[in-house]
Amino acid sequence: MRENLFKVFFGMLLDLVYPRRCPVCDKAVKPFGNLICEECKKKIKYIKAPYCQKCGKELKDKRAVFCHDCGCKEHSYDSGMALFAYTSVSDSIYRFKYCGRQEYAAYYGDRIAAVLGERILALKPDALVPVPIHASKKRVRGYNQAKLIADEVGKRLGIPVESNLVERIKKTVPMKDLSAQERQNNLKRAFKIRYNDVKLNTVIIVDDIYTTGSTIDAIAGELHHIGVKHIYFIALAIGNGM
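Basically our numbering = 1-based index in the sequence shown + 349.
Careful, some of the hints might be misleading.
As the list claims (entries may be wrong) - Pairs of lysine-lysine residues, derived as DSS-like cross-links and limited to a Cα-Cα distance of at most 25 Å, are as follows:
#1 K520 <-> K487
#2 K422 <-> K411
#3 K548 <-> K446
#4 K379 <-> K391
#5 K376 <-> K394
It is worth saying that the hints were derived from the structure and are not from the lab.
Kindly generate the complete structure, drawing on both the sequences and the hints.
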């Protein structure tokens, strides 16, 4: 009890000295004590139904079941879900990943738990597995953004986080300008399982952005090899479907 009170007090003191920045405008959060500015809440767009039953992208065609990508491609995972439309949070995620804004993770995790929590718990996951980054990138950046999100979600929903289960052993090139086939080739033998003595039946992979699903598929393939039967994913943000 005393330790928890100390953590709360220390957190408040830290916020006074180094005010928490808003994940949207990047200014000190107003009102004090919130995770996001009140005025900035309406600037973020959440994914709404109808969405692709495979990857979770929002669909323009209300009659569609799958987005164009998932209708043309087999995935190694069961299904996934996403929180935000990428275009509404792209600047926020960039600062989170490349400008040291680790504090944004609290807001991201809070929103994922609040909006997607029931769907996540309904899957009865044994663990959350954050997408790993290569050791060289982690040395430069200082942290893995997917792990920060997974830790916040796990804490709020009471789900264990297996952050060391999967290792990224290949330093892949940036994939934003690669085709789907190039992404797939780029990720060949990029991941390995570090230990297989943990018995997991259902796993949820956690990442910041979902595009074509190549990264999730590559990790899901490795997890299937160690006997994980059901694999899902959570993405903080996702692009548009068709």
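For each hint, the structure was consulted:
no.	hint	in the structure
1	K520 <-> K487	holds (11 Å)
2	K422 <-> K411	holds (20 Å)
3	K548 <-> K446	violated (31 Å)
4	K379 <-> K391	holds (14 Å)
5	K376 <-> K394	holds (20 Å)
Checked against the numbered hints above, the structure violates only hint 3.
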